[in-house]
Amino acid sequence: MSVQELEREQAPKKASFGAVAWLRWVWRTLTSMKTALILLFLLALGSVPGSLVPQRSVEPDKVARIYEQSPALAEWYDRFQLFEVFSSTWFAAVYLLLFTSLIGCIIPRTATYVRELRRKPPAAPRHPSRLPHSATFESELTTEEVAGRLRKLRFRVVTGDGWVSAEKGYLRETGNLFFHIALLGILLAIGAGSLFGYRGNVLVVEGDGFANTVAAYDRFMPGSQVSAESLEPFSFQLSEFKVAYQVTGDKRGQALDYSAHLKVNDTPGAPARDFELKVNEPLEVNGTQTYLIGNGYAPVFRVTDGKGQVAFDGAVPCLIEQKTTMTSGCVVKVPDAQPSQLGFLLQFLPTSVPLTDGDHASAFPGELNPEVKVLGAFSGDLGMNSGKPQSVYELAEPEVMKKLKPLVMGTSVPKPLAVGQSLDLPGGVGKLEFTGVKEWITLQTNYDPGRWPALVFAATAVVAIALSLMIRRRRVFVRIAQGKAEVGGLTRTEGSAAGFAEEFTEIVQVLSAGEKDVR
Amino acid sequence: MSAEQLAELSDLFVVAAVLLYVVAMVGFAIELAFGRSRPGRAATARRVEIKQPVAVGAAAGGDTVAVSDEVSAGPADASPEEPAVAGETPPGAPERAGQDDRTMRVAVRTGTVALGLAWLGMIANLTAIATRGLAVERWPWGNMYEFVVAICFAAVAAFLGTQIRTNVRFLGAFVMLAAALGLGLAVKVFYTAAGPVVPALDSYWIAIHVSAAIISSGLLTLAGVSGVLYLVRGDGMSRLPSRAELEKVAHRAIVFAFPLWTFAVIAGALWADRAWGRYWGWDPKEVWSFITWVAYAAYLHAKVTAGWRGRAATIVQLVAFGCLLFNLIGVNIFIDGLHSYADVD
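Chains as they are written, first to last, in the numbering used here: chain A, 1 to 519; chain B, 1001 to 1345.
Careful: at least some of the hints might be erroneous.
Lysine to aspartate or glutamate pairs mimicking EDC-like chemistry, simulated, CA-CA at most 16 Å apart [as the list claims (entries may be wrong)]:
id, chain 1, residue 1, chain 2, residue 2
1, A, Lys168, A, Glu503
2, A, Lys62, B, Asp1336
3, A, Lys484, A, Asp161
4, A, Lys251, B, Glu1137
5, B, Lys1285, A, Glu59
6, A, Lys62, A, Asp78
7, A, Lys251, B, Asp1336
8, A, Lys278, B, Glu1004
No wet-lab data here; the hints were simulated from the structure.
The shape of chain B in the complex, shown without the other chains:
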């Protein structure tokens, strides 16, 4: 296949990814809208992730084991396939309850389909990146368009990766929305035809520095979405999981992303040392990645400071996310600097 054909194929896959994300978003939204609602307080107690009461003893010749599991009946534990646990069903007449039950099951199934579509969308997104890379014969994140496409992939991958271990399907609709909007923005505003990059970008550091930035941005997007939901969600009944749970999702994503972001910034400094003659020169991009780093550091400190946990920490996290977005996109558009090879007109 020629480079042009590959480039065209890549563009098609981006469009396919947008469509799949949009449909998946609708599916996730239906699940959210008609699924069961959950109480606001952490009545969910502690989640025990032991999938089945461990029957280790069976293999151990006579010893019996009973892992005490008193909290496993917590509603959050119920996998979405299971019908609602008693006590959570909204009060209503018995016959209505039956109907609700059916609606709920349909809703849950829709969510499962949406999850499948999200996976397909992610594969399409990845294929778009790979074909683009083959078409231009370099790492496919040399300009704003390619960069945003890659970040959308990273955000969806972070969501689906988390979903494998922990049930975070409630995030689906919002992550899909963010990814679809991101890809749409990339195609409509940032689109750059496949081509070579300026010599400064022609370095193996692009694989290290930009990849780390992309992955951490994807994780931080997941955290940002959870943060927004945290603020939107009240303390009462809601179809969203409890605030404590939303906070936990955000915190775990940031705990992974922060060292990675630190690494991305330092790898950037190492590259700057090769390319520009200094490892740190307060270029606008450097300033804003520093601000972002400080803001996330502030979040991590707020998390362990009395009186700052919860709402305040979440606001700090969202401010930091705002800095991240401005750094990734705003700096290239609004401010002139050494990173201005975004090819944005």
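This is chain A alone, in the form it adopts within the complex:
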């Protein structure tokens, strides 16, 4: 049965009143090709805002910015779930309807297909030469011999009194059905992945470690069926992180390679193994992948307070301000400093060069001449005990900042500090030492049980769609009478008649060849 016939059969008929009739009408309308087409358009159209409006799951910071800059617009966006288009109810409505329509199409077509598979090719018409492709030649062959030759060409053959009819290309519909079923499979795999999988982000500084537990993540996004105990219990330590940069030419400063050396323990008791984590080469531990996502600098500082005690000593991950030179902004908070808390706003320059106006800037992203510019040093209550959530990349909230006492700012800023140099704060309230440079990396850990099923379904879909579009259904009929063979052929697939003409010529050649020449 062709698509058109199927469609005609399924076309909405005049419904009489009554729940059953009405339901039948809804089902028929929903599963009609026209509805499917409209739903496809809606699906495409509905995806567009997903690329124009920032999505919460992809760019949460941009969403936050819209809320800050134009709250009214953000509210309207939110009302229509435009910040999460692909998990919105209206998008789900479209694809669920589409898949329902798809199921409504697959089921009857599968039934038809199974029937067609069992059915034999129809009897040959009285005059095969009236078919779109035909040939006549003298032949001594019997119907059985013709049938045999056609079978060799992998036709399904039926013979009758003086006629042979043959058909092939059933894989077309097989491909079609498998393709659509595979699409359903992909949807289910994605669904399973989002229920039973999780994703987490974490920042790790050189020398530090990470253990795969919910608490260790900076951001953890679990599926609704994920429990804290189900996380794969691996851990690793970041021994070293290296970046290779292009040093000459137009692309000077472009990163060429990132590599993080890890010591991985697959399970808590297992011996550590070395692993080199790279972009495009994730770490895999029992189906859980860890990816290298980002990197930056974490200069190491030691802060001595007014009482001469070391109040802070450690690496401070800095936010990248300029990607091409890796100029980074750092915040050092010292809540333990006595007599009052200390805070520093710093700028890290991996390759510091003096500018003509006496200022310094970074000229290269690699760590060739690392220096730290002190932008400001403050004393006073940093407000860290207020119970409000704090950002490690911000010294304090604006209202708290106003109350702090600036120690070093603006014109009093000294020359940048090189490694080993220190800055004595005025009034003897403390000292900031720049003791070394480490690097940080951001990692994403991902567990998605739907990955492999999705891949299998996707691969099936590709193969099936290729079969479905490339193969044509074709029939060949032969009538033999009085030493003459009349051959007719037709293809039931639109748009591929041209290719069939060549195949038909070959079939005629095989049928008309003498005994010895048969392949």
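Since the structure of chain A is already known, use the hints to place chain B on it.
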């Protein structure tokens, strides 16, 4: 040869390709303008591609074969070298007809020359890609410039490849125009000096994912050009082939390109799974390749839906082509995303 020299050579070959495409375009245009016109309705009947009436019987010891070939006299069958078949010559005085005949023959010859130039242009285009690849020692489609150059090559190759089997010379002028414009855009707007790519692109997946995207884009460009011609062409006499034929060219290109595009998207997902930690994350490029895929799926469905065939299906196809172009170029320029390593300033 040093990397710099190879890179320079590559740039020169791109310019050569543009020039050859432009000249070929003029040649094809002349053929179109002065060639014979064809009726609009499918009076062309069914094209039978049997080149010569098969004389198989000769070899088969006495059996004679006569492949019935009643429709082969259809005008579309006549190869361009043959003078116009009777009945198609525009009505006119006999002496004028003779002159027309000569003009037509010149036009056809010009078209043949254009075809040769198009081949040369394609070779220049390919050489440009190869030398670029040698200069940078990686797959030469790591940024927008290289990508567009490769797509232009793929479109021309799709056209010339089709031309080997089926006569689609009427598309020549338009494909050449598209390729010349594409290369011009690449050189003027997207140009990026030869150099290394960011580590995320340094993967064998670039060979698989981007190549599939390039080839399918080339085929879909061919379909897009046919679609535009379909809409431009009326039902009357025209120098363009009938609408049915234009539709067939477009449909065949899409039938090949759609599975390939599906593969390109899935290969992209596999690569994303290696590089970004998820196989699908609704990055703008992913969104638009999905939209493009859905739009072409809609076209394939429209082709078999009553009331949607022909004009409506062609419009759907062109909308899908618009999505494809926006995805290939627009997304990298206008929208920020993970694919924004186009190096476009």
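Structure-based check of all given hints:
1. A:Lys168 to A:Glu503: 12 Å, holds
2. A:Lys62 to B:Asp1336: 11 Å, holds
3. A:Lys484 to A:Asp161: 15 Å, holds
4. A:Lys251 to B:Glu1137: Given pair Lys251 (chain A), Glu1137 (chain B) holds - Cα atoms ~15 Å apart, limit 16 Å.
5. B:Lys1285 to A:Glu59: 14 Å, holds
6. A:Lys62 to A:Asp78: 14 Å, holds
7. A:Lys251 to B:Asp1336: 21 Å, violated
8. A:Lys278 to B:Glu1004: 29 Å, violated
When the structure is compared with the earlier hints, violations turn up for hints 7 and 8 and for no others.
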